[in-house]
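A.B. asks: Single-letter residue listing:
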Amino acid sequence: MVLGITWATSWVARTADVISENRTELTTLDRAIGDGDHGENMDRGFSAVRLKLADLPEGAVPSDALKMVATTLISTVGGASGPLFGTAYLKAAGAIAGTSELDGAAVVALLTAARDGIVLRGKAELADKTMIDAWTPAVDAATAALAAGKTEADILAAAADAAEAGAESTDPLVARKGRASYLGERAVGHRDPGAVSSALILRAGADAAAG
Amino acid sequence: MVLGITWATSWVARTADVISENRTELTTLDRAIGDGDHGENMDRGFSAVRLKLADLPEGAVPSDALKMVATTLISTVGGASGPLFGTAYLKAAGAIAGTSELDGAAVVALLTAARDGIVLRGKAELADKTMIDAWTPAVDAATAALAAGKTEADILAAAADAAEAGAESTDPLVARKGRASYLGERAVGHRDPGAVSSALILRAGADAAAG
Amino acid sequence: MKKLINDPKNVVAEAAAGFALAHSDIVSVSFDPIFITRSDAPVAGKVAIISGGGSGHEPLHGGFVGYGMLDAAVPGPVFTSPTPDPIFGAIQAVDGGAGVLQIVKNYTGDVLNFETAAELAEADGITVRTVITNDDVAVKDSLYTAGRRGVAGTVLVEKIAGAAAQRGDDLDSVAAIAEKVNAGARSMGVALTPCVVPHAGEPSFELADDEIEIGIGIHGEPGRERIQLEPADNIVERLLTPILEDLPFASGDRVLLFVNGMGGTPQVELFIVFRHAAEVLKQQGITVARSLVGNYVTSLEMQGASITVLKLDEELEDLWDAPVQTAALRWGR
Amino acid sequence: MKKLINDPKNVVAEAAAGFALAHSDIVSVSFDPIFITRSDAPVAGKVAIISGGGSGHEPLHGGFVGYGMLDAAVPGPVFTSPTPDPIFGAIQAVDGGAGVLQIVKNYTGDVLNFETAAELAEADGITVRTVITNDDVAVKDSLYTAGRRGVAGTVLVEKIAGAAAQRGDDLDSVAAIAEKVNAGARSMGVALTPCVVPHAGEPSFELADDEIEIGIGIHGEPGRERIQLEPADNIVERLLTPILEDLPFASGDRVLLFVNGMGGTPQVELFIVFRHAAEVLKQQGITVARSLVGNYVTSLEMQGASITVLKLDEELEDLWDAPVQTAALRWGR
Ligand SMILES: Nc1ncnc2c1ncn2[C@@H]1O[C@H](COP(=O)(O)OP(=O)(O)O)[C@@H](O)[C@H]1O
Ligand SMILES: Nc1ncnc2c1ncn2[C@@H]1O[C@H](COP(=O)(O)OP(=O)(O)O)[C@@H](O)[C@H]1O
Ligand SMILES: [Mg+2]
Ligand SMILES: [Mg+2]
Ligand SMILES: [Mg+2]
Ligand SMILES: [Mg+2]
Numbered sequence: 454m455v456l457g458i459t460w461a462t463s464w465v466a467r468t469a470d471v472i473s474e475n476r477t478e479l480t481t482l483d484r485a486i487g488d489g490d491h492g493e494n495m496d497r498g499f500s501a502v503r504l505k506l507a508d509l510p511e512g513a514v515p516s517d518a519l520k521m522v523a524t525t526l527i528s529t530v531g532g533a534s535g536p537l538f539g540t541a542y543l544k545a546a547g548a549i550a551g552t553s554e555l556d557g558a559a560v561v562a563l564l565t566a567a568r569d570g571i572v573l574r575g576k577a578e579l580a581d582k583t584m585i586d587a588w589t590p591a592v593d594a595a596t597a598a599l600a601a602g603k604t605e606a607d608i609l610a611a612a613a614d615a616a617e618a619g620a621e622s623t624d625p626l627v628a629r630k631g632r633a634s635y636l637g638e639r640a641v642g643h644r645d646p647g648a649v650s651s652a653l654i655l656r657a658g659a660d661a662a663a664g
Numbered sequence: 454m455v456l457g458i459t460w461a462t463s464w465v466a467r468t469a470d471v472i473s474e475n476r477t478e479l480t481t482l483d484r485a486i487g488d489g490d491h492g493e494n495m496d497r498g499f500s501a502v503r504l505k506l507a508d509l510p511e512g513a514v515p516s517d518a519l520k521m522v523a524t525t526l527i528s529t530v531g532g533a534s535g536p537l538f539g540t541a542y543l544k545a546a547g548a549i550a551g552t553s554e555l556d557g558a559a560v561v562a563l564l565t566a567a568r569d570g571i572v573l574r575g576k577a578e579l580a581d582k583t584m585i586d587a588w589t590p591a592v593d594a595a596t597a598a599l600a601a602g603k604t605e606a607d608i609l610a611a612a613a614d615a616a617e618a619g620a621e622s623t624d625p626l627v628a629r630k631g632r633a634s635y636l637g638e639r640a641v642g643h644r645d646p647g648a649v650s651s652a653l654i655l656r657a658g659a660d661a662a663a664g
Numbered sequence: 117m118k119k120l121i122n123d124p125k126n127v128v129a130e131a132a133a134g135f136a137l138a139h140s141d142i143v144s145v146s147f148d149p150i151f152i153t154r155s156d157a158p159v160a161g162k163v164a165i166i167s168g169g170g171s172g173h174e175p176l177h178g179g180f181v182g183y184g185m186l187d188a189a190v191p192g193p194v195f196t197s198p199t200p201d202p203i204f205g206a207i208q209a210v211d212g213g214a215g216v217l218q219i220v221k222n223y224t225g226d227v228l229n230f231e232t233a234a235e236l237a238e239a240d241g242i243t244v245r246t247v248i249t250n251d252d253v254a255v256k257d258s259l260y261t262a263g264r265r266g267v268a269g270t271v272l273v274e275k276i277a278g279a280a281a282q283r284g285d286d287l288d289s290v291a292a293i294a295e296k297v298n299a300g301a302r303s304m305g306v307a308l309t310p311c312v313v314p315h316a317g318e319p320s321f322e323l324a325d326d327e328i329e330i331g332i333g334i335h336g337e338p339g340r341e342r343i344q345l346e347p348a349d350n351i352v353e354r355l356l357t358p359i360l361e362d363l364p365f366a367s368g369d370r371v372l373l374f375v376n377g378m379g380g381t382p383q384v385e386l387f388i389v390f391r392h393a394a395e396v397l398k399q400q401g402i403t404v405a406r407s408l409v410g411n412y413v414t415s416l417e418m419q420g421a422s423i424t425v426l427k428l429d430e431e432l433e434d435l436w437d438a439p440v441q442t443a444a445l446r447w448g449r
Numbered sequence: 117m118k119k120l121i122n123d124p125k126n127v128v129a130e131a132a133a134g135f136a137l138a139h140s141d142i143v144s145v146s147f148d149p150i151f152i153t154r155s156d157a158p159v160a161g162k163v164a165i166i167s168g169g170g171s172g173h174e175p176l177h178g179g180f181v182g183y184g185m186l187d188a189a190v191p192g193p194v195f196t197s198p199t200p201d202p203i204f205g206a207i208q209a210v211d212g213g214a215g216v217l218q219i220v221k222n223y224t225g226d227v228l229n230f231e232t233a234a235e236l237a238e239a240d241g242i243t244v245r246t247v248i249t250n251d252d253v254a255v256k257d258s259l260y261t262a263g264r265r266g267v268a269g270t271v272l273v274e275k276i277a278g279a280a281a282q283r284g285d286d287l288d289s290v291a292a293i294a295e296k297v298n299a300g301a302r303s304m305g306v307a308l309t310p311c312v313v314p315h316a317g318e319p320s321f322e323l324a325d326d327e328i329e330i331g332i333g334i335h336g337e338p339g340r341e342r343i344q345l346e347p348a349d350n351i352v353e354r355l356l357t358p359i360l361e362d363l364p365f366a367s368g369d370r371v372l373l374f375v376n377g378m379g380g381t382p383q384v385e386l387f388i389v390f391r392h393a394a395e396v397l398k399q400q401g402i403t404v405a406r407s408l409v410g411n412y413v414t415s416l417e418m419q420g421a422s423i424t425v426l427k428l429d430e431e432l433e434d435l436w437d438a439p440v441q442t443a444a445l446r447w448g449r
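Chains as they are written, first to last, in this note's numbering: chain A, 454 to 664; chain B, 454 to 664; chain C, 117 to 449; chain D, 117 to 449.
Source of the hints: derived by calculation from the structure; they are not laboratory data.
Where is the CB? At the ideal position from N, CA and C, for every residue including glycine.
Among the hints, a few may not be true.
Said to hold, decoys possible - Okay, derived cross-link-like pairs now, DSS-like style, lysine-lysine, Cα gap no bigger than 30 Å in a straight line:
no., chain 1, residue 1, chain 2, residue 2
1, D, Lys398, D, Lys296
2, A, Lys520, A, Lys505
3, C, Lys256, B, Lys576
4, C, Lys118, D, Lys296
5, D, Lys296, D, Lys427
6, B, Lys505, C, Lys125
7, C, Lys125, D, Lys398
8, C, Lys118, D, Lys398
9, C, Lys427, C, Lys398
10, C, Lys398, D, Lys118
11, D, Lys398, C, Lys398
Said to hold, decoys possible - Sample of chain A residues facing chain D (criterion: CB under 10 Å; computed from the structure):
no., residue
12, Leu537
13, Leu626
14, Arg629
Please construct the entire structure, taking both the sequences and the accompanying hints into account.
C.D. replies: Structure, rendered in structure tokens:
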């Protein structure tokens, strides 16, 4: 399918669904190495997003949907993940501003801008045991898939696969950012909740493209 | 044996022993229908009493020992049982003041004065589910035994038996005095801790007389 | 049992020592026997007010010793009335020649021990009056029981009587005002969890994960009835209805609404309780003219709360507003 | 989960409503978005001080809004930073023309959301300065972590900076004093039990009956190490030693000793902790010139305590003693 507003809204709607389905799991992960509210935070945000989807004007383009997600998350999530994901969607929207149909290059630009936005706000590096450990592999995989001439759907699928692997890769790490960093060695063996929610978001994007 | 100072000090010492042996049981009973401190209160008092036994002067008579118990309990036990048992021992001492060897009549006078002292302070009646339910049957049994010409030891044994039966008789009662009275019907089925400690005290007196 | 203590036997003495160090500007503490007095006691010519009872209800009573409230507090062992000696010692330490008022919560042990102390003081030539508080509507008051218990309302009696004594009222007037506050105050509490008395080491009673005790006392005694956990608003109505019916409170009344924490309940929950209690009073045309929310009369770490409603008039409002400077209640100076 | 609440979603709003009713003389509360301001805000010409963060730490921060302390507090959901909107709303409501100081506890979420709010305010022409508190010595401070957490010491920063703003200091001076207090304060805490976040419904971590967490945070995060329960005096030394070594504090120093309850710990235990902490300081030649004991920065119903030591000088002592009139901290008026 072509990645237009239908895909964008479907991505957002599917994200809202998987986040609420995984709300308890995300909170449980956060209870282990954080403060046990990540699922609640994300679900509060994306429930608000779901309500606003309907208000998107006629002729809205993907960047309009992402911008709505950004401002809604910033004003409803709170915590660390609110500003981080909010900035991610804001920068992503900027990277594809106005475009009504995204090609592979636009998809890679969108993902790259999102990741860069998170780094800009949170200053995390790879292997700090944060959501970046899902986003950076996703961006790299998407870039490679684009170079290999894959379809938009395959590019998003590659990003989702890499994000999931990236989330798993946080298990053995000691955290250097966020609450988990207070735990030192005790964070080892636990998966970073923000990396898991990031992988859920990217998988929803791929599923939306797969139709 | 004749009931002189040896008997009196042995009674007090044995009481201190059984109270500390039964401390946990008394507290458990008080937890069910009171505030869970009766064993602690009594043990605090009689531990202090035990220490003071040694200070009894040469030539002390039974009333001196009971007076010492009275003042010590009043100044160490606190709670409801402190003033009540304190007054009991004070009145008991008064009833046998100066006597060096107690005959049966003196024993009955001692027990009666103790019981009257508790009523004077606490205003409890029979079947109010208090220590009085142990003391009044004990006084009656002792009086009967005296009339039947029993020995001092048998009089004390009769009092102890009756006190134990009296303590058991509190099980089905609703309390009308003390903390247990706040529970209404919920006190039914539980034994009154003060009645149990009273029976322990009287049994110790009989054992001391039995030699 | 999990507590920040050393030897359970030393809990009261060590806490008193810490209290003395932390609040040396307001109180002095005597250790043998243990009692807490205003650092400027005795105040010549002022009626002295003392209170006390078992420990484990902090800040009651030591936290209310100071200008405009209590002259002395006598802490007994946890949940056990103090003996007459420390009470008598406190009376002697604070008597300023105008007599001493004892404010005693209605428990047999407290009543008997303060009674004995009063006898010792009278024998010593000190005039002592005693006011017994019994604001707990959870307990039926009748000739056939020990009568209603004194609970959170005791704080209001101590604050208002303390202000009367501070402004110079004589012993009879201070006692009369204390009686008036007690007569106009009604309380009832709920427990979500029991508490653990240090020397007992076990919970004072058992509660299932979905059970609460309505009409709880402040000594870990079980309450009147055990029910399933309910939304806070329902619980508030279970506590408030018997309170309002008992006095009774009526439309047009001005009241002080006091939501008291039992010790282990977070402040957000106390304000959620206060919110609905105020709502209910408003619906009934009763004006909440003064309020108090916090842990003032506790049961160690027990989770739960009590609601107290006090009928006000101009005199009581003025005395409530009068300056007070204690560790736990302070305003106006 | 056993709590005196209605719908977990409404905990913060209903508690704010109760708080507004109980303390209408001191604060006003805005509900959409939720923030608490001094009832006389904005105070023209005075530097305004705001703070905030996740709820569940009450009385922090709402209990410290009032004369001589905070101009506004912004409570987020339980243990979750508020979003920029209510923070921005609070800034606009209290700005008196002399600029606004944000006192923010060092948690990524709080820092990022207050940062965004400050950007919005600056765009609106309001000068905003931010001071990040990070007094928790349990967390190693390094470039490779989010840095030390802001915990109980935050109350001392708010009181002292609040007094500086109240006496008329300008924004830079108030910010400098806040930085100075934060720089001189060190804290560490212990948990005996976890807490239960209402919307999670389960304990934030598990602790065996004989285990305690040393170096606990205030959001139900686990601490640095888990050890067997010990006598209070040993625990006090475990907390105090790293505190004293970190600054370091030295013989001859004058300090404020603050023993903070985590919410579910009875007052007697806090004073037992204070007693030994004061003893240890005395042995080291450090003078406890001021003290504070109570539940000020809590973690819902968590049982435990934290110790904070603040290095004092004449200016800080004067500002500490200056009048304050808030729901949770009040003296001098
Ligand atoms: N500096 C940072 N950079 C990137 N991601 C971060 C950073 N700090 C925290 N995170 C992410 O935020 C997640 C926690 O989000 P959440 O629980 O909603 O917020 P909070 O920690 O405030 O409760 C972590 O799992 C981590 O992935
Ligand atoms: N008015 C009374 N008359 C006689 N005995 C009483 C009275 N009130 C209480 N008691 C006795 O005191 C006992 C409780 O003693 P204790 O637990 O030591 O004191 P407290 O109730 O103050 O904790 C009860 O079991 C009962 O036997
Ligand atoms: Mg979290
Ligand atoms: Mg008892
Ligand atoms: Mg008792
Ligand atoms: Mg959080």
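A.B. asks: Look at each hint and say if it fits the structure.
C.D. replies: Hint check:
1. Proposed proximity of D/Lys398 and D/Lys296 is supported: the alpha carbons are some 24 Å apart, at most 30 Å.
2. A C-alpha spacing of about 11 Å is found between A/Lys520 and A/Lys505, which places the hinted pair at or below 30 Å, so the restraint holds.
3. Restraint check for C/Lys256 and B/Lys576: satisfied, since their Cα atoms lie roughly 18 Å apart, inside the 30 Å limit.
4. Between the alpha carbons of C/Lys118 and D/Lys296 the distance comes to roughly 37 Å, so the proposed pair goes past 30 Å and is violated.
5. The hinted pair formed by D/Lys296 and D/Lys427 meets the criterion: a straight-line CA distance of about 10 Å does not exceed 30 Å.
6. A hinted pair counts as satisfied when its Cα atoms are at most 30 Å apart, and B/Lys505 with C/Lys125 qualifies at roughly 20 Å.
7. For the given pair, C/Lys125 sits about 25 Å from D/Lys398 by alpha-carbon distance, which is consistent with the 30 Å threshold.
8. The straight-line distance between the Cα atoms of C/Lys118 and D/Lys398 is roughly 28 Å, inside the 30 Å bound, and the hint therefore holds.
9. For the hint linking C/Lys427 to C/Lys398, the alpha-carbon distance of about 14 Å falls within 30 Å, and the restraint holds.
10. A threshold of 30 Å between alpha carbons decides the hint, and for C/Lys398 with D/Lys118 the separation of about 28 Å falls inside it, so the pair holds.
11. Our distance criterion of 30 Å between C-alpha atoms is broken by D/Lys398 and C/Lys398, whose separation comes to about 53 Å.
12. Look at A/Leu537: its Cβ gets to within about 7 Å of chain D, closer than 10 Å, so that hint holds up.
13. The beta carbon of A/Leu626 is not positioned within 10 Å of any beta carbon in chain D (closest approach about 12 Å), and the interface hint is therefore violated.
14. For A/Arg629, the shortest C-beta to C-beta distance to chain D is roughly 5 Å, which falls under 10 Å, so the interface hint holds.
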